[in-house]
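So the sequences go chain by chain: A and B.
For the record, in the first sequence the residue sitting at position 170 is 170 according to the numbering used here, with numbers rising by one throughout.
For the record, in the second sequence the residue sitting at position 75 is 75 according to the numbering used here, with numbers rising by one throughout.
Treat each hint with caution, since some may be false.
[Claimed, not checked] Label-pair distances were calculated between CB atoms; the ranges are:
| id | chain 1 | residue 1 | chain 2 | residue 2 | range |
| --- | --- | --- | --- | --- | --- |
| 1 | B | LEU56 | A | LEU108 | 46 to 56 Å |
| 2 | A | ILE156 | B | ILE97 | 20 to 30 Å |
| 3 | A | GLU119 | B | LEU56 | 32 to 42 Å |
| 4 | B | VAL55 | A | ALA10 | 25 to 35 Å |
| 5 | B | VAL55 | A | SER84 | 47 to 57 Å |
| 6 | A | GLY104 | B | ASP95 | 21 to 31 Å |
For the record, the hints were derived by calculation from the structure and aren't laboratory data.
Quick caveat: nothing in here was measured; it's all calculated off a predicted structure.
The beta carbon of each residue, even a glycine, is placed where N, CA and C say it ideally should be.
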Amino acid sequence: MTGVDALLLALGAVAVGSGVLVVATRHLVRAGLYLVVCLGAVAGMYLVLAAELVAWVQVLIYVGAVVVLLLFAVMLTRAPIGASDDLDRPGWPAALIGGGAGLGLAALLVDAYRWTTVELPEAGTAERLGEQVFSSWVLPFEVLSVLLLSALVGAIVLSRPDIGAPRPETTGAARPETTGAARPEAADGPAGDDAAGDRGRSR
Amino acid sequence: MRPVIPYVTAALLFGLGIYGVLRRRNAVLVLMAVELMLNAVNLILVTADTTAKAVLPHGGQVFALFVIVLAAAEIGVGLAIVLQLYRMRASVAVDEIPLTEPHTAEPVSATTSGRASPAAGSEPEGPR
């Protein structure tokens, strides 16, 4: 048991413990904050495993962006402050499936690797990873940029109710031949329930 | 370095993520559990980069970067869907979403008076 192993054990214990708190706590905001602890511990494990760039990207994107987005969503959906009792469903099937998957995978991996040791490879710095990304993996990289763009457009279209909804009074008589012909399902929606009815039917 | 430690950590985090996805009712908490599962996958990839000798060096870390980007895209679209759901139904409980016939289960206030009173149509207890 070297220092690296002890560090990995400590960070793994922190990650699993805060993960338990994420899925078990009764406070919505605290779940997000425990998620920060869990993701930070995983970033520390990346650093110990000599994956520098992945660790810093994890801190930047997960801890910086994703958790902030989640906390914004908690606030925008008017989550109650303090403990709330209706966050959970009855938990026996969830515990069975989750525990079975987690412990089964853990048993499989313990059986595969036992207590063997490997040498840590050279550190995955930004220079080495950039070389790989832009030489061997450049096509997935470009596809991923297209996916990010489509996710951006999709999020904007989803969160703006005036895109793709029928305009009842202002343009309903003005442009039936331009929009009504292209989207015939827009004509039968109720007028007051513009975006909700349209999206609810198409989902 | 013993690779069994991060591997077992990742397996337990994945199990916790599955438990959270199946257990939680709030859609934002479901998304948090999905993030736990994606992190477990990333940890597996980074650890496999140290144990498996691939033809291309650092393939696991490059894939972990790709998965992080995918998670960012997923959380953006997922939260847009959650906010739209909250706007439609004034509730983000995932077991109150009607999977069939969405018009029969619409809240009454949304069809009669627009979205003037979004809290009136929400029920505190979902169908069990």
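Status of the hints after comparison with the structure:
Checked against the hint of 46 to 56 Å, the pair LEU56 (chain B) and LEU108 (chain A) fails, with Cβ atoms roughly 26 Å apart. In this structure, ILE156 (chain A) and ILE97 (chain B) meet the distance hint of 20 to 30 Å, their C-beta atoms being roughly 23 Å apart. The given range of 32 to 42 Å is broken by GLU119 (chain A) and LEU56 (chain B), whose C-beta atoms sit roughly 19 Å from each other. Between VAL55 (chain B) and ALA10 (chain A) the beta carbons are some 34 Å apart, a value that agrees with the proposed interval 25 to 35 Å.
For VAL55 (chain B) and SER84 (chain A), the hinted distance range of 47 to 57 Å is satisfied, since their beta carbons lie about 51 Å from each other. The beta-carbon spacing between GLY104 (chain A) and ASP95 (chain B), approximately 26 Å, falls within the hinted interval of 21 to 31 Å.
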